[in-house]
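**Student:** Listed below, chain by chain, are the residues.
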Amino acid sequence: MPTTERTARLKNRCRFKHVAGGEYVDPSVKAGVERARLITQAHKENIGEPNCILRARGLENILKNITIHIQDEELIVGGNTEHPDYFPIYPELSYFSTVDMVESHYCEHKEEMREIAEYWRPYTIQRKAEKYFTPEEIGVLYSATIVQPPMFVTAFSSIVPNYESVIEDGLLKRIEVVEQKIADAETEIRESPWNAPKKLHYLDKIDQWQAMLIAMKAVVGWAQRHARLAKIIAENFLTDPKRKEELLEISEICRHVPAYPARGLKDAMQSKWFTFLLCHSIERYSSGYGHKEDKLLWPYFQKSVIDKTEQPMTREEAVELFECERLKVSEHGSTRGRQLREFFAGSNDLFILTLGGINPDGSDASNDCTNAILEAAESIITTEPSIGFRWNEKGNVETKKKVFNCIKKGFGFPSIKNDEMNTQQLIKYFNVPEEVARDWALVLCMSPGITGRRGTQKTRSEGGSDVYPAKAMEIALTNGFDEFFTNMQLGPETGNAEDFASFGQVWEAVKLQLRYAIELSLRSKDVGRIMESKYLCCPFISSIDDGCVEKGMDGNELAEVANPWHNLIGGSVVVVDSMAAIKKLVFDEKKYTMTELMDALRNNWEDKEEMRLDFWNAPKFGNDNPYVDEIATKYYDLVADEWKRNTTYSGTFPLPLAQSVAGYIVNGPKTAATANGRYAGEALDDGGISPYMGCDKNGPTSVLKSVSKINASKHKGILLNQRLSTVLMNSDAGFDIWHAYMKTWHELDIDHVQFNVISTEDMKAAQIEPEKHTDMLVRIAGYSAKFIDLARYSQDTIMARTEQDIAAG
Amino acid sequence: MPKCEKCTFFFPIPEKDMDFEPGKGDCVEQQQDTKGKFWLSKPVSENSEACQRYRPRN
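Those sequence lines, one after another, are chains V and X.
Note that the first sequence covers residues 1 to 809 in this note's numbering.
Note that the second sequence covers residues 1 to 58 in this note's numbering.
Just to be clear, a hint being listed does not mean it is correct.
[Stated by the list, open to error] Heads up, incomplete: computed chain X residues facing chain V, CB under 7 Å, no partners named:
id, residue
1, Phe11
2, Asp17
3, Asp19
4, Asp26
5, Gly36
6, Phe38
7, Trp39
8, Lys42
The hints are simulated quantities; they were obtained by calculation from the structure and are not laboratory data.
Even for Gly, the Cβ is constructed at its ideal location relative to N, Cα and C.
Construct the complete structure from the given sequences, taking the supplied hints into account.
**Tutor:** In structure tokens form, the structure reads like this:
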């Protein structure tokens with residue numbers, strides 16, 4: 001239950017923007033056009049200016065002229081569009097994505113938006129980047145079959161904003177710093193004697209700094225617009241003295257932040273929200289809610305809630321404020337093309353904040369702010385933002401109990417990452433100083449990255465491309481040709497499985513198909529990165545990063561701290577189980593030939609049920625079976641080695657990250673029958689290393705033992721979904737048993753785990769009477785969704801997961 | 001035709017604000033739908049011709 005009558009009412013009227021089956025659930029959700037209109041107008045008026053200035057003028061025009069709004073009873077104000085039911089459009093990113101949205105029923109200004117889409121067509125990063133790929137490569141990339149389409153066509157990105165610099169400094173101080181940088185550069189340029197190699201680089205820097213100034217001043221003005229609106233409402237439209245007082249306080253807060261440093265928790269929350277809107281959805285679209293929230297807000301929580309020296313409030317009021325934050329995130333509209341709307345089935349967008357872990361000095365970082373954030377999540381019950389919890393041995397039990405409370409209620413979050421392992425990886429692979437590494441947060445669903453005043457990830461071009469391994473294995477058996485879905489040559493010609501005389505040849509073909517997919521997706525990311533640096537400068541995002549300010553560089557271009565990772569989306573365990581079945585039944589026991597297997601797979605096991613059951617009953621990952629676990633170890637090492645062969649934009653090799661979002665559902669129908677006994681079209685494995693649905697039969701400890709055989713330190717993350725018994729979790733011994741399970745998980749050096757705690761009975765009841773189960777949340781993979789927003793097919797995949805009894809494990 | 005300047009929903013922008021321009025103001029509108037009440041604000045010029053929502057200031 002929401003903790004106050006206000007948040008109960010706000011939740012009841014919340015303008016949720018979740019999608020189901022690729023469509024927004026609420027019929028009121030529409031495409032806003034003002035952002036697109038205003039950035040286009042500014043582009044036409046300023047064309048010819050350096051690109052960074054052009055982009056800054058675009059942001060300035062949006063912030064000065066977009067319709068702003070405040071809703072009744074809100075405590076945190078501000079939105080990204082002209083109406084609280086709308087989401088924005090970004091015509092400068094991808095022509096395809098814009099047209100997809102313009103021609104949908106969400107857009108009510110079709111003629112104007114078609115004109116805008118056509119105007120931008122030659123300027124989009126899609127048009128700029130496409131020419132560096134052959135038509136065949138574009139065909140493979142856009143088919144969304146073996147790799148995710150590139151950023152320059154999906155327009156998908158993610159970011160970790162430098163909240164600290166805004167909240168600690170205030171923008172007016174940063175404006176002074178940038179003005180001084182320009183003044184110093186102007187002086188140096190005029191020093192005698194003239195030295196071109198040492199001076200000419202200042203020209204670009206001055207442009208970048210000027211763009212930052214335009215952007216920051218526009219942001220302060222935009223906040224002042226909110227301050228004025230709050231005051232106007234209070235003084236002209238309301239009679240309720242309590243709400244009038246609240247609005248006058250909100251007005252004063254918006255006049256203070258982000259212009260000045262935050263004083264207390266109310267300032268910090270509002271300043272953070274404004275910064276979130278700008279970085280994630282106004283200057284450009286970027287998914288995520290990447291920040292270490294309990295660390296960021298702890299000083300302000302102390303001042304307001306504990307010491308009561310600034311903006312004093314009770315602890316209950318702080319929890320209410322965190323509930324309001326969750327509702328604001330739930331209302332936040334993101335525009336994504338159909339492929340991504342389907343990929344994040346049941347969600348609005350991917351919003352994940354991070355809690356827990358340790359401080360730079362090594363002490364427990366969980367504090368009472370952590371607890372209040374978790375309590376708010378438990379009471380308001382929204383899918384978003386999801387929470388990642390850094391599980392450290394030093395973490396206090398009180399906070400871990402609050403983590404448990406959310407999990408046992410079936411939210412699917414917090415998901416849990418191994419704190420020590422992920423911190424060490426940032427130090428070892430990316431040369432991050434230990435005290436900086438200890439402040440990591442999840443960049444999006446699963447990948448840790450640094451937080452703070454500089455060096456955070458500004459664009460998803462740093463990492464996050466997707467390779468679909470089950471499809472790679474499928475075409476490894478068919479000479480790189482996709483016979484099942486696209487009828488295209490998706491990879492190199494690596495031979496037909498009928499001709500493979502050894503298990504080694506199967507491995508080699510899989511390796512070479514993965515290699516092609518990995519290299520194509522990496523190249524598309526890095527080409528996109530160059531286009532972003534040239535044409536999609538983000539002056540505000542750059543202005544709040546100390547490194548960008550110091551060097552006079554755009555945030556897309558500057559890669560101060562490398563953090564490249566790339567995803568294996570769903571299907572890894574299908575590959576492992578299929579390889580085990582092939583090894584056992586074709587090459588070890590010689591019960592079947594590769595020709596017989598290919599015939600069965602092409603015909604979807606038709607009239608081959610006995611044979612299919614042989615393959616289905618072959619050793620399966622997740623049962624502590626050395627036969628298949630050895631293959632799993634080889635597979636996960638192989639993908640790490642394949643990525644390691646490459647060097648990306650940031651100058652180092654990327655790590656793989658095995659996860660699935662809803663890709664395991666979406667990619668199932670694109671994937672033919674597989675040698676693990678799976679029929680064509682069925683879902684893939686739900687995660688990065690989750691045993692295939694229903695195949696883990698030896699209890700939870702066996703799952704952990706199988707997973708622990710993989711060297712997780714070579715991976716940026718490996719997602720493990722587990723489904724636990726509701727009876728056990730809700731029993732008196734629930735926490736103790738779960739805590740013991742987590743201790744085992746931690747001792748086995750496993751990277752990640754997340755839980756579904758919901759009974760099959762309850763899920764079946766929700767399928768029959770969805771209106772009675774509006775608060776039922778489930779974990780998909782990397783995010784949670786309302787169960788009733790999922791398609792029946794997706795709901796069934798959750799129910800098919802093995803429900804583990806950890807007491808018996 | 002009446003001008004925005006004379007409308008009760010027109011609020012001039014204070015000179016100290018970053019987006020101040022002579023004659024520019026906020027047009028504030030209250031709306032209500034099934035989900036509740038909210039207020040919109042968009043910039044207008046005092047010399048613009050008033051819209052259908054025009055209500056003369058007392």
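**Student:** If a hint holds in the structure, say so; if it does not, say that too.
**Tutor:** Comparing the hints with the structure gives:
Of the supplied interface hints, the one on Phe11(X) holds, with its beta-carbon coming within about 5 Å of a beta-carbon of chain V, less than 7 Å. Restraint check, Asp17(X) versus chain V: the minimum CB separation of about 5 Å is within 7 Å; hint holds. This hint holds: Asp19(X) has a C-beta 4 Å from the nearest C-beta of chain V, less than the 7 Å allowed. The criterion of a C-beta within 7 Å of any C-beta in chain V is met by Asp26(X), whose closest approach is roughly 6 Å, and the hint holds.
The interface hint given for Gly36(X) holds, since its Cβ lies 5 Å from the closest Cβ of chain V, which is under the 7 Å cut-off. Annotation: Phe38(X) was flagged as interfacial toward chain V, and the flag holds, the nearest CB pair being 4 Å apart, inside 7 Å. Interface hint status for Trp39(X): upheld, as the beta-carbon distance to the closest one in chain V is roughly 5 Å, under 7 Å. With its C-beta approaching chain V no nearer than about 4 Å, Lys42(X) sits inside the 7 Å limit, and its interface hint holds.
When each numbered hint is compared with the structure, no violation occurs for any of them.
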